Amino acid sequence: MKQELKLHQPFLTERANRFALPDTNGMTLIGKWWHGSCESVAVIDSDHVAIGNGQLLQILRIFDHGQPRVIGEVAVSGKVFDLTIRGRYAYVVNGGILDVVDITNFTQPVVIQTWSNGTPYRLVQADKRGWDFLYLGGGSLTVLSISTPGNPQLVTSEAIYQYIWWDMKQYMSPDSGLFLYAQNSEGVWFDVFNLTDPANPTRRAIEMLRVYSFAVTDHYLFVNNAPFITVFDITDPMMPDSLTRFILPGFVYDMTVAGDSLYAGVSGTSSWLYTIDITNPDIPMIRDSLLHAGPGHYLTAPLRKIVTLDQRLFLSTTL
24 MKQELKLHQP FLTERANRFA LPDTNGMTLI GKWWHGSCES VAVIDSDHVA
74 IGNGQLLQIL RIFDHGQPRV IGEVAVSGKV FDLTIRGRYA YVVNGGILDV
124 VDITNFTQPV VIQTWSNGTP YRLVQADKRG WDFLYLGGGS LTVLSISTPG
174 NPQLVTSEAI YQYIWWDMKQ YMSPDSGLFL YAQNSEGVWF DVFNLTDPAN
224 PTRRAIEMLR VYSFAVTDHY LFVNNAPFIT VFDITDPMMP DSLTRFILPG
274 FVYDMTVAGD SLYAGVSGTS SWLYTIDITN PDIPMIRDSL LHAGPGHYLT
324 APLRKIVTLD QRLFLSTTL
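Using the numbering used here, the letters of the sequence shown correspond one by one to residues 24 to 342.
It is worth saying that the hints were derived from the structure and are not from the lab.
Bear in mind that the values here come from a model prediction, so they are computed numbers and not experimental data.
Heads up, some of the hints might be wrong.
Stated by the list, open to error - What follows is a set of in silico ranges between Cβ atoms, one per label pair, in the way DEER data are often shown:
id, residue 1, residue 2, range
1, D220, I306, 30 to 40 Å
2, R111, D259, 16 to 26 Å
3, I94, I306, 42 to 52 Å
Where a beta carbon is used, it is the ideal one built from N, C-alpha and C, also for glycine.
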């Protein structure tokens, strides 16, 4: 029987462990999956996710929360760094190459196209508005048209000072269009791109000390500039305004926002998933925490990527 979860009861799935949050006071382990590494995860639909496991793109069926299983896989051009789903296609970056995978048949995904311009890429996202564009983060911010989904075409490439290497996230401003925030490889410059016109992105570089990961929600940006999480007002998306900051005990690999909660994957002497109440972003409060154990109970296995779908959270873990 498929379990239905209420608001603030997210289903968490990752490389080894999956957790349900039965109420706002605690999380419960409900299943495990132990078959390789997982650099990235992307939602296909309510019953399926795609993961990067080494050089494999794998499709997992998650209808049975306690027994997720691989139902299809295909080898791509290199180790999967990141992936995104648009319609019946998966777009996978593995360094200098973008692979396009047809996932119409979940049991038999097929690589149908590759694209490269010689630039290394580590991140890929489909346009949050549903427009036919892909954004690649690496040696530049590169915009591809996927109006023909199986045949990406270069639209433009925006040169930057350093690689976009660790994190980038889109923000739909209620007032002024689509923006993309990106952290570069030096962990110092924080780039903001206005993508209202994807063919002509504009960029503003903001100097911040030790930027590693971040999350964005309506009007607020949460930045990990260890040891602090700094909260910014982004009423003007191109001009973040610092509001407050707080400390989590460890290094934050990724964060995401769902409802009035900020979820953070934290690794130190052990690894934790933290839930922070951001009902009032000026006064964030830790609501809950859960000790995470990876394969063989490696307590420092980092929670690499956290993505959301409705009332679920999906986490990827690597060693």
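We went through each hint and held it up to the structure:
1. For D220 and I306, the hinted distance range of 30 to 40 Å is satisfied, since their beta carbons lie about 37 Å from each other.
2. For R111 and D259, the hinted distance range of 16 to 26 Å is not satisfied, since their beta carbons lie about 38 Å from each other.
3. Distance hint for I94 and I306: a CB-CB separation of about 45 Å, consistent with the stated range 42 to 52 Å.
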